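**Q** Letter by letter, the chains look like this.
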Amino acid sequence: MPPSGAQTPFVFYASSHISELTGLRASTLGQLLELIKDVPGSSIYHHTHRFLQQHQYLSPEPPNDFSYWVADCLGDIELGENLASIDTMQFLTIRSLREKITATIEKHLEADPLAKMRFARSGEEFHFIKAISFVFPTNYVAHDLDEFIQAIKKVTIDSIYFHIFEARLRLEKQVNDFSNWIGSAIGDKELANKISGLDPYTHTLEDLRNKIIYLIQKKSS
Amino acid sequence: MIKIDDYIPIAGQSTIDEIRMVAGKMAGRRVQHINSTAVGGGVAEILNRMVPLLNEVGINSGWDLIKGGQDFYSVTKKFHNALHGRQEAIDQRDFDVFVETSRENIAKLDISGDIVFVHDPQPIALVEKKKGNKWLWRCHIDVSNPNRKVWDFLMDFIVKYDSAVFSAPAFSQRLAIRQFLISPSIDPLSDKNKELPQETIDGVLRKYEIVRDKPIITQISRFDYLKDPLGVIEAYSQVKRYIDCQLILAGGTASDDPEGQKVLDEVMEKAGSDKDIHILLLPQNDIEVNALQRASDIIIQKSIKEGFGLTVAEALWKAKPVVASSVGGISLQIKHKYSGLLCHSIEGAAFAIKQLLHSPDYAKKLGANGREHIKNNFLLTRHIKEYILLFLSLYHPEDVVNL
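Taken in order, these protein sequences are the chains called A and B.
Number 61 in this note's numbering belongs to position 61 of the first sequence; there are no gaps in the numbering.
Number 172 in this note's numbering belongs to position 172 of the second sequence; there are no gaps in the numbering.
Fair warning: there could be bad hints in the mix.
What the hints assert, rightly or not - Chain B is nowhere near these chain A residues, computed Cβ spacing over 10 angstroms in every case:
no., residue
1, 9
2, 35
3, 91
4, 93
5, 100
6, 127
7, 135
8, 154
9, 158
Said to hold, decoys possible - Distance condition first, Cα-Cα at most 25 angstroms in a straight line; then the derived BS3-like pairs of lysine-lysine:
no., chain 1, residue 1, chain 2, residue 2
10, A, 211, B, 375
11, B, 318, B, 335
12, A, 154, B, 335
13, A, 153, B, 375
14, A, 116, A, 173
Claimed, not checked - Covered stretches of chain A (chain B as the covering partner; in silico rule of three or more C-beta atoms under 8 angstroms from a C-beta of chain B):
no., segment
15, 196-206
16, 212-221
Keep in mind the hints are simulated off the structure, nothing from the lab.
Here the structure is a predicted model, which means the values were calculated and not measured.
Using N, Cα and C, we set each Cβ at its ideal position, and we do this for glycine too.
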C-alpha cells in the first residue's frame, strides 16, 4: 500500500471561459476545411470541448461542433460520424488534434468529391469561435487522498473540467492533473493509471466526478 | 432585496464562490452601464437585477440613462428595425437627429467608469468621450443581415470601442475590435420566474376572465411587428379548425418604442370578436406574466427577428413546451425536437402546436429537457460571471489568462 500523504499538496484550480467571436464563417465543406487549418488553436479547442461544459447532463449533440454541423447542416451523415468518433484522448496537443480533423475531412473529400457541393442554408453557416480561459485557484487543497475525496466532492464541475481536459490538452501536460498528483506526490501509480485510463469524453462531468471518487474509495477500502 | 447567496440553492455554493473570486480580481475598477430606458424590454430587466448584484460581489457598478425626445426615439426605432433587416426609409435627416441628440448626451452625461458598458445603438456615440478608460458596446440586436447604410453609420462608432458583445454567433461580423459571445439570461428569483402558489395563478386567470376549460396557447411579447403577433393569431386560427383552444397575447410596451400602440390596434382588429383570443396589456406586471406562462399549455414565440428571446428561456424554465421561430438566439435555447419545436412559418407553427396538443407526454418531455438546458446555460449567475470575465479580458489580451 503506497503512503497516503503527499509531499506536495494538490491545489484545486478552476477555469471559466468566455467565447470570443472571430467573424469567420463557412458555408461549405471546402471553406470549413480551409478555416480549420487557419484558425487559432483556441478555436479548435472551443469547437471540440464546448459541449462538455454546456451539456452537463445527457448531451443531445455529438461531441464536437464540426461533426454536428457537417451532419446536421450539410447533411453529410458519414463524415459527421467520422468526425464525432475521433478519439481525442489519443492526441496530446491541439495541433495534432487539428491535423487529425483536417486529414479526416480531406480523406472524405478524396473519396467523395461531390461532398464539396453541399451548402449550408442561409443562417446555418459554421461560425468559428475561440475559447478564452481564465484559470484561478479555488479554496480547496488536499494533502492526502482522504482530503482529496472530500474536496473533489465539493469543487465545481469547472474545476474537474480544468484538471481533466484543459490541463492535459490545452496546457499540454499530456496527462490529467489528478493522475499526475496521485502518481507522483502520493506515489500510487496504479490508481493514477486507472484514472488516466478513463475516457472522459464519453462521460458527463458529474459522472466523471463520481467515477473518480469510486476509484479512489475502492482503492482505499 | 435579493442577495447573491440567495442563488446558492439553484446554482450551488461553489458557483457563487467562483463569482466572488473572479470579482475580487477587478481591483476596484468601476463599471458604468449606459442605456436608453429604465423599464421595458430585456436590457432594462437584466440591468435592474445585475447592477445591485455586481455591487454586492464587490464591483462598483452604476447605471445611467441617456435622454432623447420623440424624434430621437422614432429614429432609433427605425434603426432598430433596419438593423434587423426590415425595409425602412432612412434619410440624412434621421442621421442628423441621431447625431444632434447624441451631442447633447455627450455634453450632459458624466462619464465616471473605468469601464463604460454601453448597451445597444441608442447611446453608441458616447464613445466620443473615451479618454484612456475601457469601452464595451453590447449589441442586443440580431444584426445578422443589417441594413448596410445604418450599420456603416454605426461602424464609425463601433471601431472606437475596445470590444463588442453579441448574443449569437450569427450576429458577428468581421470587426477590427475584439468581439465576444455572451447570451443574456433570466433571473430565477425574479417575480417573473419564481415559483408561484396555485392561488396566485388562478387569481390572475380570474382577473382576466380566462377559464381553463380548453388548452391555452400564449405568446408573451411587446406589441411589435418583429414579434409577429398577427402571425400568431393566424397560426391559432389554423389550430382552432381542429382543436378547440384559446390564445393569450400579452405584453407591455417600452418607453423607447413609439410603434407599440399601432401594432396593438392592428392586433385588436385581427382578433375581431373571437372570445377565445385574450389580448392583455400588462405594463410591467411580472407576477401576472409569470402566472400566465404557468397557466399555459403551450408557449409560442413566433418572432420574425429576435435579439435573443428571453421569453423562451422564461417558458422553458417553467418546463413549458415551446414552439418558436428559428431566429436569433432562440436556436441557442431550443434544440429542435429535444427541448422544444422550432418553426419557420405560420403553417409550421400551427402544425407544431397541433403536434404538442395531441401528444402531451412528448410535450412534457420537451419542457423538462428545456428546463435543464436553461438551468445549465441561461441563468443570471452564469451571465454575471461572464460579464466579470469580459471586464477582465479588457486588461488581458491572451487566450489563457492566469488570474
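**Q** Among all the numbered hints in the text so far, which are the ones the structure does not match?
**A** 6, 7, 8, 9, 12, 14, 15, 16
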